[in-house]
Every structure is written in C-alpha cells, then in structure tokens.
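A.B. asks: Sequence:
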Amino acid sequence: MVSLRCKMIVKQELQKIGLHCVNVDLGTIEIRENINDAQKEELRQNLHHYGLELLDNKRNIIIEKIKAIIIEMVHYSDEVPKVNYSDYISKKLGYDYTYLANTFSEVKGITIQQYIILNKIERAKELLMYGELNLTEISYKLHYSSVAHLSNQFKKVTGLTPTYFKSLKKKRLRNLEDL
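So for the sequence shown, the working numbering puts the first residue at 1216; every next one is plus one.
Rather than coming from a laboratory, the hints here were simulated on the basis of the structure.
For glycine and all other residues, C-beta sits at the position ideal for the given N, C-alpha and C.
Hints may be right or wrong, so weigh each one.
[As the list claims (entries may be wrong)] As a list, the in silico DSS-like pairs of lysine-lysine whose alpha-carbon atoms are at most 27 Å apart:
1. K1222 - K1280
2. K1226 - K1307
3. K1307 - K1273
4. K1306 - K1273
5. K1323 - K1381
6. K1356 - K1255
7. K1381 - K1370
8. K1384 - K1356
9. K1282 - K1323
10. K1323 - K1273
11. K1340 - K1371
12. K1340 - K1370
13. K1323 - K1384
14. K1255 - K1222
[Unchecked claim] Simulated restraints on C-beta separations:
15. E1257 - K1371: 40 to 48 Å
16. E1248 - N1299: 25 to 33 Å
17. A1363 - K1222: 40 to 48 Å
18. I1325 - L1269: 18 to 26 Å
19. N1349 - K1255: 46 to 54 Å
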C-alpha cells in the first residue's frame, strides 16, 4: 500500500513541474500529460529528496510491486491466504507467476520463495522480541504448518534457534538493569 503521505508528496512534486496527477498507486503514477526527459529528471531528483525513487524500468517496477505485496502479506495481514502465495501474487499483479518468478530471481539474485521466507523470519524475530506470543502462536500467525517447520527455517536463516534468539533479549535486558 502506498502511504497517504507518499501520495501527497508525489502529487505535489508533479504539480511543481506542471503535470496533473490522475492516480498514484503501488509502483505507478498516472498523469494526464506526456512527461519529457527534463521533467522526468526533475521529478526523480525531487522525489529522491524525500527518500522516494522514480522507477521507469518495467522490471524494477515489477520487483518493487512483488516486494510490497510480500511485505504486506507477511507483516501487516493476519488473514490466512485463501490461495498459495504464487497464485496470490500472480493474480494481484496480473502476470504469469513463472514470468514474475524469473524476473525477480534475475534482478534480486534470490527466489520469491526465499524472499518470503526471509520476511517471515524477520516477522518472527519481531514477534519473539515483543514477547506477547509463544512459538506455537507465532507459527500459526505466520502460516507455518508446524512449530518445527518455523524453527528449522529460523535456524537456517539466523543460525539460532527461536528459543535462543528470545533468550538473547532477556540477557540484554538483565545487562541493562545491571548498569
């Protein structure tokens, strides 16, 4: 999802260079006029000032859309997907999954599945640090088939077991109390 703040910034910057925004959405800006090279470069520089990037390469736009969908699914959605990730991403973007997967792998050097796993493990680390959920609840929340499956992936990615990772937080807190 594109934040409201980002949408406003993009609209303001388009107005500054004399362009009229029709729509701002995930990875796309729709404008009424044709944009020339000078306007595009000015927009690129102005957006960069806000930490935003103008992507005009179709492959990069697709990659950013895939990443945003995965981040939304893993970090911000509690719903269990009704279809598998590949079907969901393919349907959401309107492209064949094989094309999306090949493009993602060529550009990022990892598969979409690996990117999903990395995000799920990052989310598991966050949830472990908060300490509000136990490992069973975390594995359910992240749609793992079992605690063992989550634990195995966690160890492969981090080199630590989830339990040991969680214990590191407790050690840090004790060390802070000793100061």
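A.B. asks: Now, for every hint given, state plainly whether the structure supports it.
C.D. replies: Hints and how they fare:
1. K1222 - K1280: holds, 16 Å
2. K1226 - K1307: Between K1226 and K1307 the Cα gap is close to 24 Å, so the pair holds against 27 Å.
3. K1307 - K1273: holds, 16 Å
4. K1306 - K1273: holds, 18 Å
5. K1323 - K1381: violated, 30 Å
6. K1356 - K1255: violated, 42 Å
7. K1381 - K1370: Roughly 13 Å separates the two Cα atoms, so the pair holds.
8. K1384 - K1356: holds, 21 Å
9. K1282 - K1323: Distance ~10 Å between K1282 and K1323 Cα, so the pair holds.
10. K1323 - K1273: Given pair K1323, K1273 holds - Cα atoms ~14 Å apart, limit 27 Å.
11. K1340 - K1371: holds, 13 Å
12. K1340 - K1370: holds, 11 Å
13. K1323 - K1384: Measuring from Cα to Cα gives roughly 32 Å; hence the hint is violated.
14. K1255 - K1222: holds, 17 Å
15. E1257 - K1371: 40 to 48 Å: holds, 46 Å
16. E1248 - N1299: 25 to 33 Å: violated, 41 Å
17. A1363 - K1222: 40 to 48 Å: Check passed, 43 Å falls within 40 to 48 Å.
18. I1325 - L1269: 18 to 26 Å: holds, 25 Å
19. N1349 - K1255: 46 to 54 Å: holds, 51 Å
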